[in-house]
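Chains as they are written, first to last, in the numbering used here: chain A, 1 to 147; chain B, 148 to 570.
Calculated directly from the structure, the hints in this document are not laboratory data.
For each residue, glycine too, the CB sits at the ideal point set by N, CA and C.
Each statement offered as a hint is correct.
Facing chain A, according to a computed beta carbon distance under 7 Å, are these residues of chain B, among others:
1) K168
2) K171
3) T172
4) L175
5) V196
6) E295
7) N311
8) I316
9) Q366
10) S400
11) G402
12) L448
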Amino acid sequence: MREFQGRVVVPGAAKAEALVTTKGFNTLASFQKSLMKSDLRAICSDQNNPDLFGKALAGKAICLPRTIGSTTGGMVLYCASAMGAAPACLLFSEPIDSLAAAGAILSDVWTESSLPTVDSLGEDFLEYVKEGMLIEVMEDGIVRVEG
Amino acid sequence: MQLTADERAILNGEQGETLAKVMKTMVLYGDVFGASHFVPVESEFGHIVTSFGISVMKPVYSLMDELIAGNAISSQKFTVDPRPMDFKNVPSNLLQNIAFKVMYSKQKVYEKQLQQMGLLGDDAFSCTCYMEEVGNIPEEGQVLSWAESSAVSYANSVLGARCNRNSGIIELFGSILGKVPYFGLLTPEGREATWEIDIQTNNLPEAQLLGSAIGLAVQEEVPYVKGLNRFLGDELTPEVRDYLKDFGAAAASNGSVGLYHVENLTPEAKKQGRGIIREGAKKLTIDDAYLQEIYDAYPDLWEKADAEPKLCFIGCPHLSLDQLHSWKEKIARQLRVAGKKKVAIPTVLCAAKPVLDVFEKRAAAKALKQMGVTFTSICPLMYMNNPLCSKMPVITSSNKLRTYTSAHYLKESELLARITGGK
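Chain B with its partners taken away, still in its complex shape (with noise of 0.2 Å):
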């Protein structure tokens, strides 16, 4: 990498030497890439995976120390991924909570070492930061230093911005030095769709289920998918961003797919049409029987596949609050059908706090909790993580949390039949 004359100083030490590690680690990784010079970081905040402080993860804040230490803080406030426990709103006995406390030993030294590094405030906790009642939202074409899979999805996708998909700690450095290698999906080139995937079904696809097709069969490249307008519409409407969040995430993590294109929908495609499909893409098409394949294929983890579900987690990534008010909507419906008022299966609903605040103030709110339903803005997977809560049999809505767990991700229509009536 060319560096400037500044960038250079901090390389050899002259603003210490822990900024001078924090140089050369990214200097190391603009190289692997062919990064030919750092560029500014431009959105007014960060966004940082690491919310969790586990005890195995010591090395992760022995070097947070190192960086304090060395004077090496974030040169602007962030938000971070979800908080891992919640005693009083996600179900969870004595000994999965004594089980919490251990695992999660150095949550408050942690978030401690958080706010010495820049952390935006208390509530600043969840994956989905882009969401109005959160706050950190960044503007079409702004650099970013961000990790969390479907947040780096989605600021790309959606709201246009250029980020790569930073591992967590990288995405700090970039914030402490306030600036990134120049390479990957920062470039023209590196946005331009290398799949061409035509969606062929017969109504709008689950979310969760075509992204997680989709992010199977790219991996990390880039897809542009037609088809998808017929059912969506042209317009960024909430409901259409919503499918988008959580149509990446489930691409961002069954695959690694860092940016989308929609035809004539995300505002790349919308700008550049089929132009900025790169000659020689490789072209797929998905219908009903692809996805069906699918989500037949996925694996059973559960120690009996017939086991009655203890618990039901939907908000992976966090819910907005239009999902919220929907489930609430489609939960009532399903439980008049079923003749019932309570849900069978206990069922948390995962969103920012700064998003849960608002709608606990609604009476779709107090409706959902006579239903039986819970709120929470802890992240499921790392409640998940709980060796006592991970062979336990759970039903969910995210593809993201069954990649990463024993949990089960029923199609919306199953999930509801499976909460309001039991088997």
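So that you can see chain A by itself, here it is in the shape it has in the complex (with noise of 0.2 Å):
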């Protein structure tokens, strides 16, 4: 087991397991077919992210660089929440990028549930960290990794 010290982007408690992308993640080409078909178990459309493509997003450690891609990110991940279709959590190896941040805020105030967020957890974790791995993050931002 290894710990990673990151930042809060937005507090919270959770337990799951990773799945992991070492490409910039493009929250409207990952979500945007299974939000279409209230398919809950977000199933990730990116055909341009080899690392997540046809696997279920919802519940899951989310461990990535950064996103990319269109400005609808945060209020599709902000409506993935509200809907019950979000990760468990998102963590960050990089900063967080104004729409990732967008998101987990908007989540965070504007529905019931909320998405933990870490960021700048260092290229360590993301080198550390594997698919299926069981993840715990603390409400300080420190993020346990069972191998």
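Using the hints, put the two standalone chains together into the complex.
Here is the structure:
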């Protein structure tokens, strides 16, 4: 097991299996098909992301460098949260981008659910964490990864 | 963030619970990025990315209701991204039309919400709000609260305005408060280039292929592009602006570029030269082989790779008036070469309604219609979101459309050959 200290963007505790992408996470491309079909598993539909394409995002600890793509990104994350199709948490190796931050904060302020979000976990984090590993996120931004 | 007494009063609920939540959201958003304070929104108009009343996005419409009920209304009028449906001008069958009506069943409700919130007008739906005919053109240096990645990129890079890559809803909150947190692309430091890109191609690269390559490489950072003015010259002519519009849209969707500088061409690159490149900037050289490798690596999501295309979309982002004329010339020329009078694949040109209103009075529009080409002001991405359309073999000149759908992006010469000659 390893621990990583990040910065809390949206506080909260979570425990979930990891899904990992080393590429930028295109929020609209990833969620759009599932949201269109009201598929609460949120099967990733981003054809350009082989790490996540076809995998269920809901309830998972998404480990990523950053999000990219359309400026609907934050709104899409907010909708996923409000509809119960959001990941369990978002864990960024890099400082968070403006779209992801918006989605996490909108979820926190405007929905009943929360989307715990930690950034700046470092390159080591993304090198260490692998799909399926169990992840525990603490309120203070500590992320425990069980190998 | 340091708040003024007025801002603190709003946060404390003195102007109602809804406005307090709007302020809380924006303060948290600013805090994440180390914003020290709010700055006023300076543009006359805002631009909103959410234009579609899609039935599964109920949380957005509930939030709009909450804002309107709480009298949290935009302090500026705004334009908005394109509408999703056009049964008259974009080919679709009966079942697809039924699916559209179910999918976008909230369209009328949502448009009423937009009107209550501050929509500029009934024709204010386009991703290219900065076209002269649409009239939402910010001035150099002005602070904006916009979303729509391609519009933000154009406003920052070509017009020299200052806008962060705001998410949908956040841009509206900035327009409601009339102020945005000061960070990122609003600051001089945030506008410095952190990548130096050297273009070493033999000819002017396709705008949407070059934008894709740079977006994929730099992601959300700021590139300084050298070597393009060999082909584009040193003036922001209408043709050059159109090239940069398409280039920026691809860089913004394939990566998340909100600002780029083109040497001796875009406003800040002209004024500051290479002084705008941050020390230690990463370097990348792009030549023809590099671009071909990017092009060849795009995934093929058609059920049959050799299927005959059923539809072609040109104009994502929306075309300018000059581009409409240019496509007319290119399609006509290619049809003459092919010895044909009409396009072999239904072809739709997309542009803002005020642009189409001007174009459709001209002979070129009539000529295009005779060639079998139609015009629309919808967003082709929203057309492709229809599950009954998403499996269709569609070709496009848009790398943005390729990114979000199964559409094949083709270089211009290949696209023209396909639409005028079939396979």
